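Visitor: Sequence:
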Amino acid sequence: MAYYRQIGEVPPKRHTQHRGPDGGLYYEELMGEEGFSSDSSLLYHRAFPSALVDSTEWELPDLTTEPNHPLRPRHLRLHELTGADGVAERDVVTGRRLVLGNADVRISYVVAGAASPLYRNGIGDECVYVESGSGTVETVFGALPFRAGDYVVLPRATTHRWVPAGEEPVRAYCIEANSHITPPRRYLSRFGQLLEHAPYCERDLHGPTEPLLATGTDVEVLVKHRASTGIVGTRFVVPEHPFDVVGWDGCLYPYTFNVADFEPITGRVHQPPPVHQVFEGENFVICNFVPRKVDYHPLSIPVPYYHSNVDSDEVMFYCGGDYEARKGSGIGQGSISLHPGGHSHGPQPGAYERSIGVEFFDELAVMVDTFRPLELGEGGRAAEDPEYAWTWAGGRRR
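Residue 324 in UniProt numbering sits at position 324 of the sequence shown; the count goes up by one each step and never skips.
Among the hints, a few may not be true.
Stated by the list, open to error - Below, computed lysine to aspartate or glutamate pairings styled on EDC-like, alpha-carbon distance capped at 20 Å: (1) K13 x D39; (2) K327 x E378; (3) K224 x D62; (4) K224 x E34; (5) K224 x E378.
By construction, these hints were calculated from the structure, which means they are not laboratory data.
A quick note: this is a predicted structure, and the numbers were derived from the prediction, not measured.
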């Protein structure tokens, strides 16, 4: 995010001495993307950011996937994945269940009531959509309050932990990239400012406002990272608490964006999915469908036209309202639809006709389109509705 922020105490010139009240030096750390060639921030630590006293294996949950074969559209009921049992002890990091994934992106779901361990994803950025609940994400950059409807965007290697608030558990839809997650390039000027035609602007992005300092010794940090065998986990023990940053500045940091601040783009006839885009990563995009006025041509058909995903798989997470195009399919709040490349899809029977004359859609959904085929994870296999593929044919299966 090429949007400069300065938090806490930083020296007037980078890469120069920065001393505390006792005269001791703070330790400067550059956190940057793409080597030294893209966005970065400079953080000033009270202790050595590289210090370790132990490193052991962290056994990750089941991350295996199975191909969508034979090819079919899928309906996954995520609310069936996690009941009331164990929610109070479950956390947003270690409690995730993999729903769908490929080499570019992994989608997980979790319902959690406990604070997570300190965690760092060394593979790629994370974009977590908060379906319900509230709390704080404590990070090395500072604290980020979150609420229902927030996207929480966490750059790769940001040490953080999730702390739910109150009695309501946090329902989190976790999108983990193997790359960085940014606003779409077409929304940005060549210098990185969000342009006038973008459906949101910098005022809608909320980063930390002050340093978050903590103390402690021999503190555990869970790290997800790459190995030749795939994705693995390591449990670091660091001698001093990593939340020791007295100040930082730059253009790389975590932030929240609430879906209610997305201004929908509408037209006289049905607009294609790219107008709903909010973020992009390598070989995938993230869109959101929000409550909005719909097509106002006198002969318009407001629900989507049938379309073939020639180059992509389409994943829709239904998280609010009443989704017109899917009525009669069994899909409801907490559902995912997976419409794979190679299969034509569109409204359920009757939705095309019912939408004529409709002026407003009260719906909320988060969509991920990928440009490599998605496979089913353990959570996706456990939550599948096996009858969905046949609903366009009235439920008839030969």
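Visitor: Holds or violated: K13 and D39, Cα atoms, limit 20 Å.
Guide: 18 Å, holds
Visitor: Under the criterion that the straight-line Cα-Cα distance not exceed 20 Å, is the pair K224, E378 satisfied?
Guide: 18 Å, holds
Visitor: Would you check the hint for K327 and E378, treating anything up to 20 Å between C-alpha atoms as holding?
Guide: It is violated: about 27 Å lies between the C-alpha atoms, which goes past 20 Å.
Visitor: With a cut-off of 20 Å on the C-alpha distance, tell me whether K224 and D62 pass.
Guide: 13 Å, holds
Visitor: Between K224 and E34, is the straight-line Cα distance small enough, at 20 Å or below?
Guide: Holds - the C-alpha atoms of E34 and K224 are around 19 Å apart, at most 20 Å.
Taken one by one, the earlier hints fail for this structure only at number 2.
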